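Colleague: Here are the chains, one letter per residue:
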Amino acid sequence: MKKIYSRIEEIAGNVITVTAEDVRYSELALVTSGHGKSLAEVIRLRGNKVSLQVYSGGRGVSTGDEVQFLGRPMQVSFSDNLLGRIFDGSGRPRDKGPTLEENLIEIGGPSVNPSKRIIPRNMIRTGIPMIDLFNTLVESQKLPIFSVSGEPYNELLSRIAMQAEVDLIILGGMGLKYDDFLFFRDTLEKGGAMDRTIFFVHTASDPVVECLMVPDISLAVAEKFALQGKRVLVLLTDMTNFADSLKEIAITMEQVPSNRGYPGDLYSQLAARYEKAVDFEGAGSITTLGVTTMPGDDVTHPVPDNTGYITEGQYYLRGGRIEPFGSLSRLKQMVNDTTRADHRGLMDGMIRLYANYKESVEKKSMGFRMSEWDQKLLRYGALFEAKMMDLTVNIPLEEALDLGWEILAECFQSDETGLQSKLLDQFWPRKSIRDEQETA
Amino acid sequence: MTRTTGTVFGVNGNMVTVDVKGDVSLNEVGYISVGDQKLKSEVIRIRGKQAEMQVFEQTGGIGVGDTVEFSGEMLAVELGPGLLGQVYDGLQNPLPQLAEQAGFFLKRGLYLDAIDKARSWEFTPKLEAGATVSAGDTIGTVPEGIFDHRIMVPFNISGEWTVRKVAPKGSYKVDDTICQIEDAKGTTQDLSMLFEWPVKRAISLFEERYKPTEPMVTKIRMIDTFFPVARGGTYCIPGPFGAGKTVLQQITSRHAEVDIVIVAACGERAGEVVETLQEFPELTDPRTGRTLMERTVIICNTSSMPVASREASVYTAVTIAEYYRQMGLNVLLLADSTSRWAQAMREMSGRLEEIPGEEAFPAYLESVIASFYERAGVVRLKDGSFGSVTIGGTVSPAGGNFEEPVTQATLKVVGAFHGLSRERSDARKYPAIHPLESWSKYPSAINDELVAYCRDILLRGNEVSQMMKVVGEEGTSLEDFVLYQKSEFLDSAYMQQNSFDPVDGSVTIERQRHIFRILFDVLASEFDLHDKDNARSYFNQLRQIYLDYNTSEWESDAFASREAELVKLINEKRTGYDSTAEEIRNRVGSAVG
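Same order as they appear, the protein sequences are chains H and Z.
Counting from 39, one number per residue, gives the positions in the first sequence under the numbering used here.
Counting from 588, one number per residue, gives the positions in the second sequence under the numbering used here.
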C-alpha cells in the first residue's frame, strides 16, 4: 500500500503539485476530492516536487484533497468483451454496461521495430470511387481527412466504418459534440456494424486531459487485436482537438511555445500516435483515419501541417466532396498495379484532365472565349463531378474504372486524353454513351 | 579508475536532471538505471553539481534517486568492416538483430554490438614491421562486398608510430589484434580492425579539399541536365508534404552513380524506410551486379522513436560516410528530413529553457546546420586517392513556406536547391522540382550553355502563360503561343519523368545526351504552323511520340523508330533554326556528343 498525501501545494489549470517520495515518471495517482475520485498522471519530477495532470481537471480540487500513488502507469482492460461497448477517455463505460477490469494492458507502449514492418500490400475497399479509384486506402496506412468545421467529415467516417472491409472498427472521439457522438452510435447501430465496433469517446464537455488519452487508449486496444490477427481500422475525430489539449497542458506547464502556442514536440506527439499504424507479419494490422479540422481552412496551420508530414497522404473534404487535388494516398502505388491494368493510367489521366478543366473554368469566369477544347473540358468536368465525386456514389472499383472510361469517351477523342496508346487500345470503349443514345 | 556516478534529481519529458558526484564532461554518455534496465543518455548541459541529460529512450518509470553511471566517453560509433548492408537506429543499434531478441516492438535499454564480432574477414596486410604510420594510414585490407575495405590506423591516435608487428595474411575477427604499434617513448598499442569515433567531430584526415565539379549522376533528367549535383557537393530538397521529397530520395538512393549510399531516415515515416529495407536486398546494382543493399547503410530513427536519438542519427550517418570516404570511395548521404533533426534540437532547447530564436528554434540552429553540411566534400587522401561525401538533405518547411528558419539556414550552405512545389505535385508533374525557382551552382552533365537556352525558353514560355491568363488565348500572338507550347513540351516531355516506369524511371547520362539533342531541335526550330489549333495539335503529337520514346528501351528498335518518327515530324514542319541556338550549337556541339 502506497502512502497517501493530503497536502496539494499548487493547482494550476489541470496540473497539481505535491511533495512526495518514491514516485516514478508517468506513474498514475488517484486524487480524491469532494467531487469524486479522478486519476492523475505524473508529468514532471523535480526533487521531491511531483507535478500531476488530473484527468477530470483541476476545477474544484482543494489543497487538502488526498493523492494516492498507484505505482503503475495508465492501463486499460482488453478482451472481446470490449466489442460493441462505449467508453470514455479513461476507459470508464459510457453506456450502461459493466466496468471491465480483467486483463489490463499498458497504453502508449514502445513503437514497432522498423525492420519488422512489411511493405503494405492489401487494399481496403470502401466503395467510394474517390477513395478506391483515385486515392486507394491501403492496410496499415495512416491518413488524415483534412476538413473544416461544418463539413460532413463525421458522416464520411461513419460511411467508411460501415462499408470498409475490415474486421474491427475502433472509434476514438475527441472533443466530439454530443450530437455527433449520438449520430455515430445510431448510424452504426442501424447499419448493424455495432458488434464489430468499440467506442472511446471524449465529448466536448468532458475534462481536457481525458481527450489526450483517447488516441493512446484506442491504439493500445487496436494493437492487441491486431496481434491476434484482426484487421483493425481506427477512426479518430478530431485530432485538432487532441492537439489543442496538448497545447493547453503545455502552456499550463509553462513550456516555451513554438508555433501559435503549440508545444515544440507537437510533431513527435502526433507521430507517436499515427505511427502505431502497422501491418504485423503473420498477424493483423492497424489502419488509421483521423479527421483534422483546419482552423480557418488553413492547411499551413501547425496541426494539419505537422500531420501532413507524418501521414501517408491526406484526403481533403471540401464542399461535401473529396477533392481530387491535394488528396493523395501515398501508398496507392503499392496496390493499384495489381487491381486492374488500367487503374494507374486512368487515375492519372483523369486527374490531369480535371486540372485542365479547372483552368478552363477559371478562363470562363474571366470572360474569355471558350475554344472547342475548353468546351470539351467543361463537359468532362461536369460529368466527373456528378458521377465520380459525389460522396453518395457507392460502387466497387471495377465499376468505377469502367465508368471512368465511359466519361472520357463521351467527352474526348482517344488521342486527346494523353493516355498511353497501350491502354487506349485495350480499354477505350468502342461505343461511347453518346453513340448509344444516337443509335437508340 | 573509478567512474563518475550520480543520482536522478528530476525528470521532464525526455530530459533528466542528475546530481553528479565527480567530474563530468559535455556530451558525455551516461546510463540511468531503472529496475534492471540501463537507459543511454547524453549530457547536454552542466550547472554546478547538476548535469542535464537527454535520454535516448522513453523516460516513463524513472524515479528521483535512481543511479546514473557516466562512461567518460562522448557519443561514438563503431567503425570497421561489416557496416555495409546494416540497418541501424540512430545510436547504431542493429534493428534486425534487435527484432530477433525483442520481437515486433523496440525494447528500452537493449543495446547490441553494431558490428558482428563473430564474423571472419580475409585480411591482407599492406605494410610491414618497421613502417612509420599515423592516424588514417592503411594497415591492410579486407574484402567487403565489392570493395577493398581499408583497415586503418584508428583516427584518434595522435603522432607518429612505428609498426612492430603486422598479422600475416589470413582470416581474422574484427576484435583480433592485427597490428602492434609503438611510439617514440616505447609505449605499445594493439590495434584491431575496429575503433570508435565520436559522431559530432568531423574526420579531417586528408591532404586537401577540392571544389566539387565532377557530376554525380542521379539518372533523373531534370536534376542531371538542369539542376546537377556534384560529387562532394551538397544539395537540399525542401518541399511541402506530399510533394514527393521522399520518393525523390528513394529514387536517388537506387540510381545514383556512387560507391556507397548512406540513408538517414531521420524522424520520418517508418513505412518509407521499409520500402528501402525490403526492396534493396532484391534489387541489383547495374554497375556491380550485386544487390543494392551491399552498398547501402540505413540509419533509421523514425518519427515515433525517441527524439534524442533522432538528433544523434544524422551524425551517426555522416560519420560512417566519412569513414568510407577515407577509403577513397564516393559516398552519398541522404538525410530525410533535416527539419525533424532541427525539431529535435528545438525540443531539447525548450526543455533546457533556453531563450528561443525564430519559431522557437535555438539560436545556434544555423551554425549547427552549416557545420553538418560542411562535412561533405571531395578530398585527396594521404595516399593520393580521392574520396568524396555528397550530402543531400530534405527539408520539411512548416506550411510549405521556404521563408522558415531551417530552409533559410540550409540554403545558405548548399550548392544546389531542388525546391518542390505543391502546384506541380497537385498536377501530377513529377518530379515536382520547380524549374524556375530551383538552382544549382554545379556544372550540368550536358552543357551549361545549351541548358541555359532551354531554361530561357521555359522562362519566356511561362511569361506568355501568365499573360494568357489575363488576355486569353485570342489576345496572344501565334509566335508567343508557339513559344508557350515549346516550354510546355520541354516540361512535359523532358523534365517530367515517370519513376515507376522501368525504362523512364532511370535515364543514363548517355541517353540524356542523346535525347536532349532532339529536344533542343524542337525548342530551337521555327515551324510552319498556320494557327493556334494547328500549333496545339502539332505539339500534342510531338509530345505523345516523345513520351513513347522515353519509355522505349535504350537502343531498341522501338527507340529507333520513335526517334525516326520524331525527326520526320520535326523536319516536315521546320522552316528555320533560331540563330542564337545555331550559334551555341556550333560552338559546343561536339561537347554534347
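No lab work stands behind these hints: they were computed from the structure.
Computed from a predicted structure; not experimentally measured.
Where a beta carbon is used, it is the ideal one built from N, C-alpha and C, also for glycine.
Please note that a few of the clues may not be correct.
Unchecked claim - The calculated label-pair distances, taken between Cβ atoms and stated as ranges, are: (1) Z:D1088 - H:Q413: 55 to 65 Å; (2) H:N86 - Z:E687: 52 to 62 Å; (3) H:E48 - Z:D623: 56 to 66 Å; (4) H:D233 - Z:E945: 46 to 56 Å; (5) Z:E1140 - H:Q413: 33 to 43 Å; (6) Z:E1159 - H:I157: 44 to 54 Å; (7) Z:E656 - H:E59: 45 to 55 Å; (8) Z:E1159 - H:W411: 40 to 50 Å; (9) Z:E656 - H:L108: 28 to 38 Å; (10) Z:Y951 - H:I289: 20 to 30 Å; (11) H:I143 - Z:E665: 33 to 43 Å.
Colleague: If you test the structure against every hint from before, which numbers come out violated?
Modeller: Numbers 1, 2, 3, 7 and 8 - these are the hints that the structure violates, sorted from lowest upward.
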